[in-house]
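Trainee: Given next are the chains, with one letter for each unit.
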Amino acid sequence: MSAASDIALGDSMLPDPTAPLTASGNLRRRAAVSRLVELSATGAALAAVAVLAIVVYGVIVRGASALSLSFVTTNPSGLAGGGIFNSLIGSLEIVALGAALAVPVGILTGLYLTEFAGPQSRSAGALKLALDMMQGLPTIVVGLFVYGLIVIPQHHDSGLAGAIALAIIMLPLIARSSQEVLLLVPGTLREAADALGVSRWRTVLGVILPTAMGGILTGAILATARGAGETAPLLICDSIFNPNTTQLNPFSVHGVPNVPMFIYTSFDLPLTQAVTRAWGAAFALLTFVLLANILARVVLARSRAKMSG
Amino acid sequence: MPGLFSRGGKRARRAGRLGDRILFALCALAGLLVVLTLVDVAYQLISNANPSISRFGLGFLVHQRWAPFFNVEGAATLIYGTVVCSLMALVLATPLGIAIGLYLSMMASPRVRVTVGPLVEMLAAVPSIIYGFWGLIVLVPFVQHLEPGLHGALGFIPLFGTPSPTGISVFAAGLVLTIMILPIISALSRDLFMTVPQDLKDGAAALGATPWEIIRGIVLPTTASGVTAAVVLGLGRALGEAIAVALVIGDVSAIHASLFQTGSTLAERIANQFLGTSTKLQGASLFYCGVILLVIGMLTSAGARVIARRFDVARTMT
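Going down the list, the protein sequences come from chains E and U.
The first sequence begins at 80 in this note's numbering and counts up one residue at a time.
The second sequence begins at 1311 in this note's numbering and counts up one residue at a time.
Bear in mind the hints are in silico, worked out from the structure with no lab data behind them.
Where a beta carbon is used, it is the ideal one built from N, C-alpha and C, also for glycine.
Any given hint could turn out to be false.
[What the hints assert, rightly or not] Here are the in silico distance ranges between beta carbons for each label pair:
| id | chain 1 | residue 1 | chain 2 | residue 2 | range |
| --- | --- | --- | --- | --- | --- |
| 1 | E | Arg201 | U | Gln1508 | 34 to 42 Å |
| 2 | U | Gly1471 | E | Pro183 | 50 to 58 Å |
| 3 | E | His235 | U | Ala1564 | 29 to 37 Å |
| 4 | U | Ala1463 | E | Gln352 | 38 to 46 Å |
| 5 | E | Arg114 | U | Leu1517 | 14 to 22 Å |
| 6 | U | Asp1501 | E | Gln233 | 38 to 46 Å |
| 7 | U | Ser1357 | E | Ala175 | 37 to 45 Å |
The shape of chain E in the complex, shown without the other chains:
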């Protein structure tokens, strides 16, 4: 076995009692190799942080020139003028709708896995596999699915179709994180509730869910942030007739305008102002997503502190 022989001191290193206790050439070489590896690992981490900085910086620098109060409070006018108000609240609406669909189902799925199905049961295994596969679905495939499920029968794109697609993307994330947090709830709490003769559903609603709430909330926020940035499913389900006006009816023939599609269509236009406007929208989207991530971390840290004491 090569791994072992690499660590074990080789024949050349067999102790010679008379040898001086200084590093031989071999040891110096090994130390140098080790140092080199440590340096390159540090370099890799630095490179990743640098890439993040470059991307964020690129978006901020280009987006800041488009940003103003009127940019976020007016609707777009023409191909390159105005702001992104309708896309912003449209996005908020679609994402909120998607989250409203995905969060309850996700939490219930997590509850099923932890409270009702035994860890070794066949149904739990099948469900976990299904969740893994759902999470592994390319988002564009989710878009095609919702197109076949809703857009074709209705004969038009709609905000509702986009919201359902986002819900399918969020669902496995929420279910997975809920399950993980629910597993962390101490078994003693369940036993204590059982000993008091509390029925299962009251234990779940009154003890288990409140204890796990912080972690579940974290998962929901992260999933929502993920959904907010998804473009591919909206391109397929909610993009064709997005108007320049505020449109909040998710059932309307006119789709609900949204930020990702606004960016996607703006950069295609051969107008500098349109590209600037798209950078502004990208800046708004990135800010939202990164802030949501930071918020999720804060919630998680606070709930951990609460759970541990």
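Model the placement of chain U on the given structure of chain E, informed by the hints.
Mentor: Coordinates of chain U only, in the frame set by chain E:
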């Protein structure tokens, strides 16, 4: 309404049983909904792809020509492009991701760990539309300057052929995908490296192993299958990415050895052409591409699961 923990009488107990049943039914329904959705995904995709499937059959996978006006569509170039882009991303992101995982789990001080770790994870939070847009406007011009240098130095390898005139190329798409899957691989492998028992590392250190020898002899072998699963998950993400790739690859159906040529991938083709299909058959062919992606996606997530489970078994045995 009695309080949540009211003392049970007969009625309360019956209500408790009813509540239990309702909650169980709701949870089971939610689980069922997940499974049914997945089944319906396959059904919808296949039924909408049916015109294309019945016309081209499995030949769709090997035919190169994509000419919707002539009712001829084949996905060979798309599959090739998908594989090449994803492999390029994998080749770049795997060593980098593992190195970052090692740095965060073994080398960084706790303070660095809690700042750099979340920053790396934030790379995964940036939406793909922003990577695509940034890639097109910032990265592509950079690639345009980078390619002649690479061609000059490594031109004898067919991968690094004649530089592209604009920078829009398979190479640019591979770079964007690298950035997108790097946080997945590094975060997962960091978590795995953290689980390596300290005793093993201490033992190796006591035998005189240098940090690198501990990594190569202890850390990597004990986590190998888990890291492989992480890499497979990253691969799955790369294979299915549509928007970011659509903006930087050019959407041209051709097979070139050189990375510096334009190309196309399955997901990217769907994103680029779905709204402008000229025939019903083209739409069905795009759904057919979706079916291929679905199969690939299921294989990668199932594969990662199988590998990870083997890892769990190996871990419990040691």
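Trainee: None of the hints should be skipped; say for each whether it holds.
Mentor: Evaluated hints:
1. At roughly 37 Å, the beta carbons of arginine 201 of chain E and glutamine 1508 of chain U sit within the given window of 34 to 42 Å.
2. Between glycine 1471 of chain U and proline 183 of chain E the beta carbons are some 53 Å apart, a value that agrees with the proposed interval 50 to 58 Å.
3. For the hinted restraint 29 to 37 Å between histidine 235 of chain E and alanine 1564 of chain U, the CB-CB distance of approximately 35 Å keeps it satisfied.
4. In this structure the supplied range 38 to 46 Å holds for alanine 1463 of chain U paired with glutamine 352 of chain E, their Cβ-Cβ distance being about 40 Å.
5. Checked against the given bound of 14 to 22 Å, the beta carbons of arginine 114 of chain E and leucine 1517 of chain U, roughly 19 Å apart, stay inside it.
6. Separation of aspartate 1501 of chain U from glutamine 233 of chain E is about 43 Å and conforms to the stated range, judged on CB atoms against 38 to 46 Å.
7. In this structure, serine 1357 of chain U and alanine 175 of chain E break the distance hint of 37 to 45 Å, their C-beta atoms being roughly 31 Å apart.
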